[in-house]
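> Kindly produce the complete structure, drawing on both the sequences and the hints.
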Amino acid sequence: MLTVRCQSAPKKLWDYCINCCSSALELALSEKDDVRSVELFVSLSRLHVQLKESQCRHLVTFLNDTIHFWHNLLKDKFSAEFEEVLKLIKWPFVSSNNVLSTPTAESLQRLQLLSEYLLQLQLPLTVRPEVTSAFLMDFAPLTLPMTLLLRPLKKRFLFHFYGTKQTNRPDKPEWFFTQVLTWIRDHEKFVVQWIQPSELMRGLLQVVVEKLHSELPHLQYDDALFSHMVDETLGFDRELRESFSYPSTQPSVIGVLTQAQVFVKWIHMEKKYASEKMDSMLSSETAWLPLGSSELDEMRVSECGETFLTLLLTMTERYTSLPQPGHRLQFLELQLELLDDFRVRLLQLLHEETSDPLSSRLPAILNTIHYLASVLQEWGGLTHFLHLQYYKSQFEKVDTLSHGDGVPPPSGAPDLEGLQGTVFDDILDLLLRMKTDLLGQLCDTVQLDVIARSREYRKDRWYAMPSPKDLVNPSVTPSACPMLQVLAAKLHQLQELLSVPLFSEAWRQMADHLCQFIYEEVILQNCFNEGGAMQLQYDITRNLFPLFGQFTHKPDAHFTLVKEACVLLNLPRGSALLLRDTLRLCLTYDTNEDVKEADVLADVGIHRLTADKALAVIKLRTDLTNL
1 MLTVRCQSAP KKLWDYCINC CSSALELALS EKDDVRSVEL FVSLSRLHVQ LKESQCRHLV
61 TFLNDTIHFW HNLLKDKFSA EFEEVLKLIK WPFVSSNNVL STPTAESLQR LQLLSEYLLQ
121 LQLPLTVRPE VTSAFLMDFA PLTLPMTLLL RPLKKRFLFH FYGTKQTNRP DKPEWFFTQV
181 LTWIRDHEKF VVQWIQPSEL MRGLLQVVVE KLHSELPHLQ YDDALFSHMV DETLGFDREL
241 RESFSYPSTQ PSVIGVLTQA QVFVKWIHME KKYASEKMDS MLSSETAWLP LGSSELDEMR
301 VSECGETFLT LLLTMTERYT SLPQPGHRLQ FLELQLELLD DFRVRLLQLL HEETSDPLSS
361 RLPAILNTIH YLASVLQEWG GLTHFLHLQY YKSQFEKVDT LSHGDGVPPP SGAPDLEGLQ
421 GTVFDDILDL LLRMKTDLLG QLCDTVQLDV IARSREYRKD RWYAMPSPKD LVNPSVTPSA
481 CPMLQVLAAK LHQLQELLSV PLFSEAWRQM ADHLCQFIYE EVILQNCFNE GGAMQLQYDI
541 TRNLFPLFGQ FTHKPDAHFT LVKEACVLLN LPRGSALLLR DTLRLCLTYD TNEDVKEADV
601 LADVGIHRLT ADKALAVIKL RTDLTNL
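Heads up, the sequence shown is in full-length UniProt numbering, so the first residue is 1 and it goes up one at a time.
All the given hints hold, so there is nothing to weed out.
DSS-like cross-link-like pairs, simulated, lysine-lysine; straight-line CA separation at most 27 Å:
| hint | residue 1 | residue 2 |
| --- | --- | --- |
| 1 | K165 | K154 |
| 2 | K90 | K154 |
| 3 | K154 | K189 |
| 4 | K265 | K277 |
| 5 | K554 | K490 |
| 6 | K87 | K155 |
| 7 | K155 | K165 |
| 8 | K392 | K265 |
| 9 | K154 | K172 |
| 10 | K189 | K90 |
| 11 | K613 | K554 |
| 12 | K189 | K155 |
| 13 | K189 | K87 |
| 14 | K155 | K77 |
| 15 | K277 | K172 |
| 16 | K172 | K271 |
| 17 | K154 | K75 |
| 18 | K90 | K75 |
| 19 | K613 | K596 |
| 20 | K459 | K619 |
| 21 | K32 | K77 |
| 22 | K90 | K165 |
| 23 | K272 | K392 |
| 24 | K87 | K32 |
Hints were generated in silico from the structure; no laboratory data involved.
This is the structure in structure tokens:
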């Protein structure tokens, strides 16, 4: 084999080497020595590597022409033999012949040998023809064996899905997608054993990409057809990756959808259909009905809330596979815009409500907001959205540092350590604030109803009541009945209307408000004889606490002020007198022993009331008025 190691060798010596290789190739071909022919072509290619930087352009041109001449000759020879073997093994394995006997071992060995020859006939990179199709620039050139294997499949594809054939329908892109997936499945076993599977898929993808590029410019003027094409394209890409393990590092059909003009149209269509879907779901007569029974669905999920979240979820599934973070972030911004639009629409619906909040759509809207916020908090911790949060923060840093100077966006794997917040923090803050406001409105409504029916109870003659000990069957104070009845009814109504977590917040909030109300408006505004103090304690412990005992094992823990005031009002007279004098002493003389006051109160079970407040309650006892 003739080789020249020195690029500075005389031109005549290079000419001699090239001519010797050509002559030897001609002889090898005449003698049908395939191995020798391939080896000599590889030698010519190596000469090109040594001469590619040479300043002698005529010599380089002569060598390139020689390489192309022998490449075409050898390629035609081996390709013809390769195609003959393909006929013997009944390639391609379409439905009409895939049940025939398996190829013979001799045919497969010959196919493998010819594949090796063709692979060695690859032209040097610098003399290969350039890819002229802009949309195939991302695809690496196919090897010669793969090009020959794909040729009959491409012919079938062109025959069925171009021109005037009935199978070439813009409204049925799933037909050609399904056909390509069928071909991949039918040939999967064979290519796994003899060829690189990803290369076969990459070759078929080029056919699909060309088809999409020919269709999409026309479909952009028909929203329905365009949307259907996008959905089918995304489904095809997902099927390739999930069912056939197509590598994520290889180019895909998604690249067609992310071209500027197509992507802008896609985003516009997503927004348009999402807005139309929101209009439809909010205007539905069943929008605010729960999807399941209260026994099975603790969140009281409304039809509207579930439909809206499904809308966001399906949108996420569509754009998750987009390779560029910038494109995914644009979809995220659309989702955040839709979330805020949904929130504003709910506010508008609430402003239209004029009836009692408990009988309006407010509880259902509140459940929806709480459910939506819960789901967004969960989504914020998912890897997909954490990556978007990282990319978003990096893009913001780039914008800050570059001041518009065209600094490239971040690349590489995201570093999630030290990441602050989630992509939903802003909208979550608004939703949670809205939830708090609406829950407060419901609790205030109940509170006002309770207060309205408490007047007689607040004005009762607590200073002149008989002792319940004197009664055969102690009972609740008659003036308390209207207040307790409305409280029980409203609690039951709220429990039926609100989700379990929301109702848990509601009854606690109502218990706190009611405790403060009874303490300030019933206890501190009246004086109590022994009978009145005992009756108040009976009303609280035997009637009020059981109402909240349905929701907690310790209802008294939510009425600490009232409970401790009742303790002070019902202390034996001597104990109350001693406690009063001791507390006065502690407050009068500055002994700097604050703990002593707390200890004194703790001895009688008082832990929440301060010394001043405890004295104010003791002062309400009529039996200590003149002492």
